[in-house]
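Peer 1: These protein sequences, in sequence, are chains A, B, C and D. Take any residue in the first sequence, count from 1 to its spot, add 129: that is its number in the working numbering. Take any residue in the second sequence, count from 1 to its spot, add 416: that is its number in the working numbering. Take any residue in the third sequence, count from 1 to its spot, add 48: that is its number in the working numbering. Take any residue in the fourth sequence, count from 1 to its spot, add 5: that is its number in the working numbering.
The set of hints was computed from the structure by calculation and includes no laboratory data. Positions of the beta carbon are idealized from the N, C-alpha and C atoms, including for glycine. Each hint should be verified, as a subset may be incorrect.
Cut-off 27 Å, straight-line C-alpha distance, at most; resulting in silico cross-link-like pairs (DSSO-like, lysine-lysine) [what the hints assert, rightly or not]:
#1 A:Lys511 x C:Lys74
#2 A:Lys337 x A:Lys561
#3 A:Lys512 x C:Lys74
#4 C:Lys77 x A:Lys512
#5 A:Lys445 x C:Lys727
#6 B:Lys682 x B:Lys666
#7 A:Lys193 x A:Lys350
#8 C:Lys226 x C:Lys701
#9 A:Lys511 x A:Lys193
#10 A:Lys642 x A:Lys630
#11 A:Lys511 x C:Lys77
#12 C:Lys226 x A:Lys511
#13 B:Lys607 x B:Lys661
#14 A:Lys337 x A:Lys350
#15 B:Lys584 x B:Lys607
#16 B:Lys666 x B:Lys615
#17 C:Lys74 x A:Lys297
#18 A:Lys337 x A:Lys445
#19 C:Lys614 x C:Lys727
#20 B:Lys661 x B:Lys615
#21 B:Lys666 x B:Lys584
#22 A:Lys512 x C:Lys727
#23 C:Lys77 x C:Lys226
#24 A:Lys445 x C:Lys701
#25 B:Lys584 x B:Lys470
Which bits of chain A does chain C cover? Going by a derived footprint, with three or more residues having C-beta under 8 Å, they are [stated by the list, open to error]:
#26 166 to 177
#27 196 to 204
Rough simulated footprint, nothing fancy, chain C against chain B, three-plus residues with beta-carbon under 8 Å [said to hold, decoys possible]:
#28 534 to 540
#29 586 to 595
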Amino acid sequence: MDVSSLLLLSIALPLLGAIFIGLVAPGDRGSIRTVAFVISLMTFGCVVAVVSQFPTGSEMFATKSITWLPASTGIECQISVGLDGLSLWLYGLSGLLMLTAILVSWTAISERPALFYSMLLLLESGCLGVFAAQDLMLFYVFFEFTLIPLFFLIGIWGSEDRRYAAIKFFLFTLAGSLLTFVGLITLVVSVYNMSDSADRILTFSIPKLTDALALRPLDAKLQIWLFAALFAGFAIKVPLFPLHTWLPLAHVQAPTAGSVILAGVLLKIGTYGFLRFSIPMLPAATEFWTPWLLWLSVIGIIYGALVALVQSDIKKLIAYSSVSHLGFCMLGLFALNRLGVQGATLQMINHGISTGGLFALVGMLYERYHTRQISSYSGLAKKLPVLTFFMLIFTFSSIGLPGMNGFAGEIMILTGMFQKAWHGAEAVGGLKIVSVLAVSGVVLGAWYMLWLVQRVFFGPLVEPHDTHDHGSHAVHDLSFREIAALVPLCIFVFWIGLYPKFFLDRMAPTLDKSIPSAVANSSDLNESVAFAASKDRSLD
Amino acid sequence: MNGCWLLAAATDSSSAWAELGSKLSGTEGRAIIGWALAVLALWLIGPNSSLSRKIAGAVFGVLGLGVFWSFVPAMSFLPAESVFLLLAGLTIFSAVATISARSPVYSAIWFACSLLGTAGLFLFQGAQFLGIATIAVYAGAIVVTFLFVLMLAQPEGHAFFDRVSWGKSPRAVIPVVTMAIVSLIAYQFGKSDIRNHVKAEELVNQTVAELAGPDAAVRKVVHHQDGDVTVLEVDVVANEEALSKLEDSKSELQRSIGERIPDWSKCVVDFHAGTDVRTADHVAHLGGQLFGANLIGVEVAGCLLMMALVGALVVAGLDEEKKPGATAR
Amino acid sequence: MSDNLIILIPFFPLLAAILIAILGPKLLKENSHYVTVLAFAASFVCSLMLFFSVQGQVVEEGTSFESVTTLWTWAAVDNAMIDADGHSVPFLIDVTLRSDALTSIMLCMVTFIATLVAIFGAGYMHGDRGYWRFFAYVSLFVFSMTMLVSVSNFLLLFVFWEAVGLCSYLLIGFWYHKPEASAAGKKAFLVNRVGDFGFALAIFLIWINYGTLNFHDYVVDGQVIIPGVFGQMRLGGALPYVQGGMATAICLLLMLGACGKSAQFPLHVWLPDAMEGPTPVSALIHAATMVTAGVYMVTRCTPLFHASPDAQVTVACIGGFTALLAGLIALTQHDLKRVLAYSTVSQLGYMFLALGTGSLAGIVAGMFHLFTHAFFKALLFLGSGSVMHAMGNVIDMRRFGGLRHLMPWTFRTFLVGCLALAGIFPFAGFWSKDAILASVHDRAYPGAHSHDSQDSEHDADHDADQDADDHATHSVALLSADHAGSNQADSYTNIYVWLYRSACFTAFLTAFYTFRAFFLTFYGPQVIPDESGHHAHESPPMMWIPLAILAIFAFLIGFVSELDHKFAHLLTSTPSLAFAGMHDTMQPGGFHMDIAISSSIIAVLGIALAAFLYLGHQREVEAISKLKLVAPLRALSLNKFYLDEIYTWAVVKPLEFLGIIYFWLDRWLVDGLVNLIGKVPVALGSGFRYLQTGLLPFYSLSMVVAMLILLFLGQVLWGGG
Amino acid sequence: MSETALLQNYLLVGSILFALGLTGFLIRRNLIVMFLCAEMMLQGVSLSLIAWGRYHNDWSGQMLVIFIITVAACEAGIALALVLALCRKSGSLDIVNWQNVREEGRMPYIDQEVPAEAMESEAWPTLTPAGIEPATDQQELYRSNV
């Protein structure tokens with residue numbers, strides 16, 4: 130069982146599991162959820178096995194391709210999967226967050242558990258697939274595939290006006306992704322037309338496309354339009370400023386497990402898309418669009434933070450906070466230098482962990498008190514100390530307190546951004562303002578998170594009014610299961626916080642390849658290579 | 417004095433008139449005029465108009481027909497032309513009458529007349545079986561059934577809805593729309609391309625008639641533009657030696673066509689042996705076709721008839737609870 | 049030897065923190081303080097050993113000494129940036145600890161005071177539900193503080209800068225069920241975060257301009273690969289420091305970070321509210337250690353500040369102004385701990401003033417004052433803690449008095465602390481404050497120092513009640529003395545003159561409010577609030593012994609360090625202080641007799657005024673406070689110059705309002721737009737609905753019309769045949 | 006006589022017939038007359054078919070006309086049955102009665118100007134509808150023998 134088939138197995142397992150649970154597995158909720166948990170554990174096992182064997186290097190790892198369209202059709206479109214530095218950790222994150230999601234929804238889901246768990250597992254296979262796909266068509270299939278289970282998750286098990294949220298989420302993302310599909314297809318076709326070699330075939334494989342475009346980029350005008358098309362789909366998924374209104378709604382109405390996965394993984398597909406397609410394949414367009422995107426992401430940061438400040442619903446506050454955090458990711462991405470891009474990729478993982486944890490905690494709170502209104506809580510620390518402890522950890526991780534994961538990503542992003550704005554060729558005035566505003570996002574972030582923690586957890590104990598009467602099960606602190614759901618996330622919070630080098634080394638080679646233009650066009654690269662070479666000896 | 421004024425007015429306005437005339441005489445002009453006249457006619461002739469308006473409508477109708485007829489080249493052979501005109505006139509007049517007749521019974525009867533006219537035209541075309549079939553089946557059976565049903569559902573006295581149509585505007589719009597079809601088709605005929613074709617065919621017929629005499633008959637002439645050369649295919653029913661004569665006279669024919677028709681300067685004619693639809697034993701051939709190539713079609717038509725029969729019975733509903741009669745309220 | 053020492057010092061508190069955190073709630077509960085005290089004592093011993101080894105090193109080499117040990121590489125992105133001269137520079141952050149004079153002094157001070165506070169805390173926090181939590185947080189704090197002073201990289205300095213902020217948040221909000229405590233904790237963290245915002249900006253600018261964030265040079269087998277910001281190469285002049293606007297920007301942003309942490313003028317509002325936390329916390333964090341982090345950072349970055357004189361002036365102005373402002377506010381506070389809090393802000397202002405002079409003497413004086421201030425301020429806070437302990441957590445001076453007989457030990461140690469703070473002769477405060485005043489004076493009047501003898505006639509007695517112009521006459525006399533061409537005859541001298549005057553006036557204020565608090569607490573009729581219940585008596589030995597030790601140090605430390613300038617001699621051996629530029633500035637060590645005398649007189653005057661007003665029945669105080677002129681001033685000072693309200697009104701409210709607007713915008717405009725797009729198809733659909741008339745001819749007519757249109761189009765567009 | 010000329014004549018007549026049928030179908034409101042006009046449209050088409058058949062020397066033209074006739078027959082059968090049913094149901098042959106399939110928000114078509122009852126409306130002999138035993142009374146029977 131070599132690594133690549135393990136990778137394929139890790140994608141197929143949840144799919145089969147979902148079908149098994151959905152249709153075949155009889156029995157009450159207890160047995161179903163254990164089966165689901167076992168399946169997700171096995172998947173996580175495969176994921177860890179694959180991730181642990183990743184050799185640091187820039188070329189694709191664990192690649193396996195099954196021919197889907199016969200070569201006779203002149204189209205090379207295969208089910209090809211593989212991991213590289215960029216998708217490695219996101220792939221791992223999806224596996225990890227699924228465990229938390231299933232554990233969190235242990236007692237929360239009562240009606241139709243079989244369907245719920247099968248939807249969740251479908252979602253997992255979708256997420257794993259998106260990051261592992263090395264074929265454009267396969268990528269797009271999984272890209273769409275993740276929408277459907279989440280639509281049902283929000284639509285059926287959501288809270289009060291879940292249908293509106295589910296429909297809005299689905300249509301919004303679908304509209305965007307259709308534009309992206311057009312963009313991708315035009316990309317493939319224009320590459321086909323551009324290559325004048327005799328045996329040219331219409332290839333969908335991403336590595337081949339990237340190499341072809343690296344050799345001979347498309348003409349600038351087409352690139353700009355393509356970038357715009359790709360932007361539509363990906364920017365909606367990353368909720369970039371004007372297109373973010375679906376996120377708070379979807380989060381507020383989604384069940385806990387749905388929110389964890391939505392915040393943890395689905396938002397990353399957008400930024401992953403930018404980093405996989407837009408930046409390496411369309412360098413000229415990236416150059417053209419960068420100032421716009423930088424401004425949009427900074428607006429996203431400040432806007433998300435300020436709006437989060439005035440929220441009355443915990444989940445909405447955290448949703449707006451993820452708008453702000455992903456604004457940071459986009460900022461890092463479009464700083465277009467090594468620091469920024471690596472920081473952004475790290476920040477994607479950090480955000481997944483911290484916001485995933487926060488949503489899990491809010492879910493647990495909701496399970497106990499059945500209300501998300503901040504005003505109805507106060508001083509819970511006295512009654513739920515363990516929950517408060519975990520809440521503090523994830524809050525400080527999300528506001529980027531040093532020693533925790535948020536800090537590592539944020540610092541690299543901001544340094545990268547500063548480097549782009551103040552140093553080197555394009556030190557344009559506007560970008561300077563962008564970089565300073567971005568740093569202020571850190572302060573605003575601390576403000577609304579601490580306000581939330583202080584308002585809900587500290588101060589005199591006030592519990593929502595309706596919990597006193599049904600004294601049947603008094604509100605108790607976190608059970609072992611809930612702690613087990615959060616502990617793996619905490620481990621990663623401190624691991625990335627204290628030793629991010631472990632993660633950066635595995636990402637660096639691939640990311641350097643994806644932004645060659647940024648470093649290459651700076652002055653006399655060869656001279657610096659010599660200098661760096663002398664240092665490499667010393668570093669390792 | 418006013419005479420000369422009239423004359424002066426006439427002379428200086430004559431240029432305007434001439435220019436208008438020339439423009440109108442063009443195919444577009446004529447098509448539009450025909451269209452307008454036909455529309456006016458139909459508008460007047462509607463079921464609810466009084467007799468005098470109907471007559472006025474008829475006059476305009478005839479005028480419109482005249483204009484439309486101007487599009488179509490007259491057939492060279494006078495008696496045939498007159499027979500055709502007679503039959504066509506009969507058909508069209510009775511068709512108009514069908515529409516404008518106030519009582520449905522009259523409509524049915526007028527429709528039967530128009531069927532007669534149509535049958536005549538079929539015969540004129542050489543489709544003897546169809547002519548007879550139309551009269552027998554169509555006029556005889558279908559229209560009679562109509563009358564039969566009319567009598568069944570016969571409204572006591574004239575139903576007002578027969579007199580009134582859809583009110584002012586639809587009555588105006590509908591003829592405009594429908595007559596547009598006719599004027600569009602007529603406009604096609606006015607195209608120079610088709611007129612050249614007719615002239616060319618006339619020439620071909622003349623030469624064939626002169627050369628091969630009785631034992632060669634032109635069945636079909638088709639032309640198509642091949643680059644700047646127009647190719648004329650002629651299907652001739654003739655024996656070998658007539659064909660050979662025709663072949664060698666081809667160049668001379670092409671020259672005459674060349675100078676007769678300006679834009680067909682370069683023209684190539686080639687003769688093919690053609691089949692003939694209007695053979696003597698027409699019905700035998702028709703039967704052969706019917707039960708040869710279209711056998712399936714015939715069987716299906718048979719089933720269709722059976723199904724229609726059963727359907728009609730079911731819909732009409734012979735069961736007892738529907739009391740016959742009491743329909744005439 | 050010294051490098052594994054430097055690792056042990058932070059390791060012990062970390063170990064203690066982890067142990068207590070894990071075993072605390074179940075196992076240790078009551079006696080978790082042993083773990084902490086033991087750990088602090090061990091790390092104090094190590095820091096002492098480090099201190100002596102560093103002192104030994106310094107004697108030998110004479111110039112500067114630093115030794116760097118690397119633990120592990122935190123993050124490494126190679127050729128992350130192409131710096132000015134084309135080299136591609138890696139973004140390399142190693143967790144490295146350095147041991148040099150500055151670090152060892154700070155470490156000794158921090159660990160010593162932490163140990164005493166831990167002992168005091170054991171007594172003070174006795175019986176509290178979160179006992180183990182308190183000691184876990186304190187150990188975590190000391191770990192972060194020790195790492196902060198010993199780390200050798202700007203980024204890691206920032207890391208522990210925020211870690212210390214986190215611990216202060218946790219400790220201020222220790223009694224989280226009290227809403228004011230958690231609000232104060234949040235306020236402290238957020239104001240620090242604003243400071244850190246400036247600090248972060250500075251770090252990025254440093255990274256861009258210097259290509260590295262390390263203090264030390266990154267040396268690989270003898271060859272310097274990456275020159276550190278305060279590495280030998282750069283200090284030695286081989287590489288230039290950035291000058292001009294960028295240098296000023298970096299220094300001012302660093303200063304913003306320092307203001308956030310050391311509660312200087314714009315960002316000082318959090319310190320008085322931080323008194324909500326337990327008193328040992330206030331003593332340790334908000335008097336001795338954390339607040340000094342800002343001063344430590346500015347001292348560490350002296351080369352940067354040296355590169356931009358106008359940044360130094362700004363530092364001095366901020367320091368001077370904060371000292372004056374805090375002094376004025378402390379006058380009318382009736383909460384003992386708040387008085388001490390404002391006095392801390394004021395003394396920190398003094399330190400920044402000294403650092404702002406930019407001369408080596410100034411910087412040494414600043415650090416010396418930091419060193420002594422830590423002792424007597426910790427003493428005062430612990431004293432107020434024992435008072436609070438006795439008075440049943442009441443700290444409002446109006447509700448108790450005349451405690452000198454009730455709590456003799458606290459009374460005596462508190463007196464020593466007040467004397468030291470006021471700067472009376474033998475006590476520590478005198479030496480350090482005198483050194484600061486001297487350095488400011490020399491900076492203000494460059495040549496005056498050399499004519500020492502002439503100044504004798506101006507020690508005439510003058511009444512403190514006269515307002516500031518009295519000082520003008522005093523300085524005019526000095527000005528008349530001709531100035532030798534001072535090397536920095538730049539335009540800032542008149543600013544320093546005014547700063548010197550405000551410093552003297554603040555010294556007077558300090559003496560006045562310290563002894564006002566002292567007399568209000570310990571003199572007058574004995575009043576005991578009823579909350580104190582049965583235990584209104586001297587605090588147990590475990591609490592007053594640390595007070596005694598601190599009192600002794602407050603008494604001796606000034607004299608001992610000043611003896612033959614041992615402190616100055618050791619401190620100047622720090623690399624960042626021992627570079628060429630500093631040699632030509634004013635050298636430390638010159639004892640100014642005239643300054644000493646004048647400052648003592650001012651202090652005595654302050655005490656006399658306080659005694660006059662507050663001893664015996666305080667009729668005069670009411671009379672003065674009623675005066676038309678004084679009443680508004682008193683109100684202004686009592687309400688902290690309404691700064692809190694101004695900040696709320698100017699910053700907090702607008703941002704929240706902006707948030708509301710954005711949220712409204714988000715809901716109606718952006719969301720509205722999306723829903724609008726959603727409604728378009730519906731509207732279109734209902735439009736076509738009315739075509740269904742139900743009339744058969746209408747349908748057929750529309751069919752024909754459509755056919756005709758197609759025919760017509762065919763005819764027109766493609767010419768038909 | 007040129008074939009094309011013949012063709013064009015027939016096409017013209019066929020199109021006129023078709024147009025008249027269409028006009029009739031749209032204008033008239035009597036179900037049966039509308040259906041008659043539909044038949045007339047069929048006739049117009051068969052005319053053209055015949056003309057093209059002859060022009061192209063091809064039998065398929067005539068084949069189609071035969072099928073047209075059969076279809077017309079079936080259609081007539083069923084349509085008339087339907088018309089009967091409709092007439093029985095709505096009491097009159099007017100198409101306007103059958104317009105409640107319209108969109109519910111839409112106003113029905115109502116005749117504005119209802120023409121005065123034509124004076125000279127002939128009184129048709131009312132034949133007893135087929136299939137009903139006429140009421141015979143003795144006196145009537147007697148007279149018929151005379």
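Peer 1: Has the given pair, Lys226 (chain C) with Lys701 (chain C), been kept, meaning a C-alpha gap of at most 27 Å?
Peer 2: Holds - the C-alpha atoms of Lys701 (chain C) and Lys226 (chain C) are around 24 Å apart, at most 27 Å.
Peer 1: Assess, step by step, whether the Cα of Lys584 (chain B) is no farther than 27 Å from the Cα of Lys470 (chain B), and give holds or violated.
Peer 2: holds (17 Å)
Peer 1: Holds or violated: Lys666 (chain B) and Lys615 (chain B), Cα atoms, limit 27 Å.
Peer 2: Within the cut-off at roughly 17 Å; holds.
Peer 1: Take a quick look at whether Lys77 (chain C) and Lys512 (chain A) sit within 27 Å of each other, Cα to Cα.
Peer 2: holds (19 Å)
Peer 1: Verify the proposed pairing of Lys226 (chain C) with Lys511 (chain A), using a straight-line Cα cut of 27 Å.
Peer 2: holds (11 Å)
Peer 1: What's the verdict on Lys682 (chain B) and Lys666 (chain B), does the C-alpha distance respect the 27 Å limit or exceed it?
Peer 2: holds (13 Å)
Peer 1: Straight-line Cα separation of Lys193 (chain A) and Lys350 (chain A) no greater than 27 Å?
Peer 2: violated (35 Å)
Peer 1: Would the hint linking Lys511 (chain A) and Lys74 (chain C) be met if the CA-CA limit is 27 Å?
Peer 2: With Cα atoms ~17 Å apart, Lys511 (chain A) and Lys74 (chain C) stay inside 27 Å; holds.
Peer 1: Tell me if the straight-line CA distance from Lys511 (chain A) to Lys77 (chain C) falls inside 27 Å.
Peer 2: holds (17 Å)
Peer 1: Take the C-alpha atoms of Lys337 (chain A) and Lys561 (chain A), compute the straight-line distance between them, and say whether it is at most 27 Å.
Peer 2: violated (37 Å)
Peer 1: Is the coverage entry for the segment 586 to 595 of chain B by chain C consistent with the three-residue Cβ rule at 8 Å?
Peer 2: Answer holds; 5 residues pass the 8 Å Cβ test.
Peer 1: Verify the proposed pairing of Lys337 (chain A) with Lys350 (chain A), using a straight-line Cα cut of 27 Å.
Peer 2: holds (22 Å)
Comparing the model with each numbered hint stated earlier shows that hints 2, 7, 9, 13, 15, 17, 18, 19, 21, 22, 26, 27, 28 do not hold.
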